[in-house]
Amino acid sequence: MDMRPDPLIMMTTQAQAPTTTPTKVAAKNVNVYYGAKHALKDVSVDIPEKSVTAFIGPSGCGKSTFLRCINRMNDTVASCRVEGLIQIDGKDIYDPALDPVQLRARVGMVFQKPNPFPKSIYDNVAYGPRIHGLSKSKVELDQIVESSLRKASLWEEVKDRLNDSGTGLSGGQQQRLCIARTIAINPEIILMDEPCSALDPIATARIEELMEELRHNFTMIIVTHSMQQAARVSQRTAFFHLGILVETGSTSDIFTNPTDKRTQDYITGRFG
Amino acid sequence: MTDITAGGVSPPIRRVEFETAESKARLRRRYRSEARFKAYGIAALVVAAAFLFALLSSIVMRGIPGFFQHYLVADVLVDAAKIDPEGKGDAATLRAGDYTAVARAALAEAIPGVEGRQLKRELNGLLSSGAGDALREMVVADPSLVGQRVKAPLLLADEADVFLKTSGTKIRVISDTRGIATPSATTGEISILVGANDFADDVALVKAELKALADSIDETIARRKARGATVESLADLEREATELRRRHAAAATSERLDAKTASRLVAINGGLVKVKEMTPTLVKGEVIIPLKSTADAAPGTWEIRVYETPESNRNLNDRGLAFLEELKAKGLVESQFNFAFFTRGDSREAELAGIQGALVGSILTLLVTIGLCLPIGVLAAIYLEEFAPKNRITELIEININNLAAVPSIVFGLLGLAVFLNFFGMPRSAPLVGGLVLALLVLPTIIIASRAALKSVPPSIREAALGVGASKQQAVFHHVLPLAMPGIMTGTIIGMAHALGETAPLLMIGMIAFIVDVPSSLTQAATVLPVQIFLWSDLPEPAFKMKTAAAIIVLLAVLFLMNGLAIWLRKKFERRW
Ligand SMILES: Nc1ncnc2c1ncn2[C@@H]1O[C@H](COP(=O)(O)OP(=O)(O)OP(=O)(O)O)[C@@H](O)[C@H]1O
Ligand SMILES: [Mg+2]
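Chains A and B are the protein sequences, given in the same order.
Mapping of the first sequence onto our numbering: residues 1 to 272, in sequence order.
Mapping of the second sequence onto our numbering: residues 1 to 577, in sequence order.
Bound-form chain A, shown alone (with noise of 0.2 Å):
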């Protein structure tokens, strides 16, 4: 086992975010219905670019609903209904106008459970580069696998079998190949849902590592029921109960100075 950094050591080093960010997704009185089961209520909130803004609250408190409302996931649930307003840098995402498709290649995800395609590593990275003509020649291709590979640092594992299935990987390998294959179209947003649950401690102070990263180039928006794990990456955190928008505001003022009782009953433990 080699040793790394303490995650909550680095957390005392990260820059908090400058309150003058500009708002990347824009979210304004969203109502999201599961057929008569009303799952998100009234939720307005504005997400900052370049960093990271984690969703926390207790199980089915509709973290995931909202996540994707963001790329338009919920259209593939026939169920689901989505009132009120989002909008990426000013335009509204449910714009009949706009391509669902082409937004989720902007606005790209990474799940729970690590979903890597059933073909070799580098024809999952290479996937979405693929489809939308991101490379010019084979030369091309090969170089967004290779620093897709090296931004979710995951290169030196295998870049000597990048013909091997990706499903052979490690789990925690595979979420980063997730996050490799996210992160080789180069999206905007990058949403997470819960992306460390299935992995130990090792293997998620790692993707920790990887989010401290990205968050330079790209805007996070992740959900996690570790309040650890939300004080130590994310700048912003949103809580979320009972499919309400209880509270948001900074990561430290959340956690050390809540306003409201329920964040603070949550994140002491009270309940959840």
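If you are wondering where the hints come from, they were derived from the structure by calculation, not from laboratory data.
Since the structure is predicted, the reported quantities are computational estimates derived from the model, not experimental observations.
Think of the CB as a built atom: it goes at the ideal place given N, C-alpha and C, for glycine as much as any other residue.
Check each hint, because a few of them may be wrong.
[As the list claims (entries may be wrong)] Label pairs and their in silico Cβ distance ranges:
id, chain 1, residue 1, chain 2, residue 2, range
1, A, Lys159, B, Gln473, 30 to 38 Å
2, A, Gly168, B, Gln473, 46 to 54 Å
3, A, Gly168, B, Phe560, 29 to 37 Å
4, A, Val77, B, Asn402, 23 to 31 Å
5, A, Arg106, B, Arg570, 36 to 44 Å
6, A, Gly168, B, Arg570, 16 to 24 Å
7, A, Ser153, B, Asn402, 46 to 54 Å
8, A, Ser153, B, Ser23, 31 to 39 Å
9, A, Val77, B, Trp568, 33 to 41 Å
10, A, Gly168, B, Asn402, 56 to 64 Å
11, A, Val139, B, Gln473, 25 to 33 Å
12, A, Gln112, B, Pro375, 32 to 40 Å
[Unchecked claim] Capping the alpha-carbon separation at 25 Å, the derived lysine-lysine pairs in BS3-like fashion look like this:
id, chain 1, residue 1, chain 2, residue 2
13, A, Lys50, A, Lys28
14, B, Lys390, A, Lys37
15, B, Lys472, A, Lys113
16, B, Lys211, B, Lys225
[Stated by the list, open to error] Incomplete in silico selection of chain A near chain B, CB under 8 Å:
id, residue
17, Thr76
18, Ala78
19, Val101
20, Gln102
21, Arg104
22, Ala105
23, Gly108
24, Met109
25, Lys113
26, Asn115
27, Phe117
28, Pro118
29, Tyr127
30, Gly128
31, Ile131
32, Asn257
Using the hints provided, position chain B with the ligands relative to the given structure of chain A.
Below, chain B with the ligands without anything else, positioned relative to chain A:
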């Protein structure tokens, strides 16, 4: 949220006991029931395996002889006068030559001196009408054989072939003859005078046989009477029994032999005589193979041969049998693997009938079926599974697809008859129509199997693809379909195997005709393997019974092969995720 308090009355706390008599009894009961269940399972397996083994071994035992054929392998003079009298030497002339005549000449050479039209016909009847076919191929391939002598296999007729395969009768040879035998002539109807009463035992035997025969007829009469048959309908039998009894009772020492009792032949002076009437010291009969001379034959140099099965219970009569035995004794009869079984179409002559026509018909039919089913079935499955909105209409479609899979196949045949033949006027008996009907039949199976295969692909793969900005169609065709392919292929192959074994719907569209030619196009009349089996199984000739079993073996082999392929595909492309 965590305030789960136990409300109401709390039940008494009981733990699982190990030591009480009750718990021990329960445990024993459980063990007993488990053992019983296991025993039932094993018993069921054993019974199933036994049935399967019995079925397969019976088919194989019956079918194996069908793959072999007896030939007369003789030195054949390829007579130029019969094949190429004008000496042209071109392939067309050589092909048109009269090879049957050549084959018959070879046979006449093998058993020389046979006289009389009747006898000659019997002798030639041993050869198949296609006896010269192999020779024809040899000569066409090598024209220099004309005028030469070659060793060629001449196909025997099915009666002779079956007789050899089943060893059709027991032949008892009495060679320790005691008297000097003197034949009256070398051909035609002759009598043989014997110095001792060599035939006394045989006369007694024939009498015993007559009595046994009469008894068995009496039994038949009694049985029929019991079942309420009228007296008039039994009159013939009664008369026959009475006649047999009269012959049995008659003190006369002369006995006429007929087709109802065992046949007796006398082999003497290199010839063979079929006995028609005998007394203990004198037999009268008909020469089958001419004698070399009328000289006296010393005791022990001549013999009596008894064909135990009466002539009327055999497919091969005494003369044919005598000739065949003679050929066998000369070492000219050989059993060879019947390659022609796979290269010929159907025929009325069992020894010439092959399954190529049916095989090709099956292949053409299945090509049409798979050509239609695979794209339509898979695309329909993809649409229904991945794209179709979930509403009343798609639900209705889904239910009906499942219903269609359960519709009896004959109904699809009727549909094919009504729609393809009567409405669209397509040709009868054609593989095209057969393929269309079978496509209708297996389409639901393929759709259901494909949907199951698509459903088994984990949704995380779809999400992964959509997550990197693939469209739904890209997600399906790049990721889901390749993963579902082994399952789809398995379902398709099983569906095809189902189609291959299907008979009923094809009967409705006329694929049951007797078709000699191997079909070469989709619109030519054809038949398919299972229908061919059905047709052959209906024919009375024992040779066709063997062919039926052989064709079943071929069909089963193809089916096993297809299922093996399905399993192999599944194993090879099985994915972990
Ligand atoms: N596809 C769906 N159909 C119907 N209801 C759904 C669906 N997905 C989620 N829900 C409901 O919406 C609510 C919010 O679900 P969501 O998955 O967003 O919760 P979550 O905050 O992500 O929970 P967790 O932390 O357990 O992942 C839940 O009550 C859930 O039952
Ligand atoms: Mg969730």
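Report the numbers of all earlier hints that the structure fails to satisfy, in ascending order. 2, 8, 10 and 32
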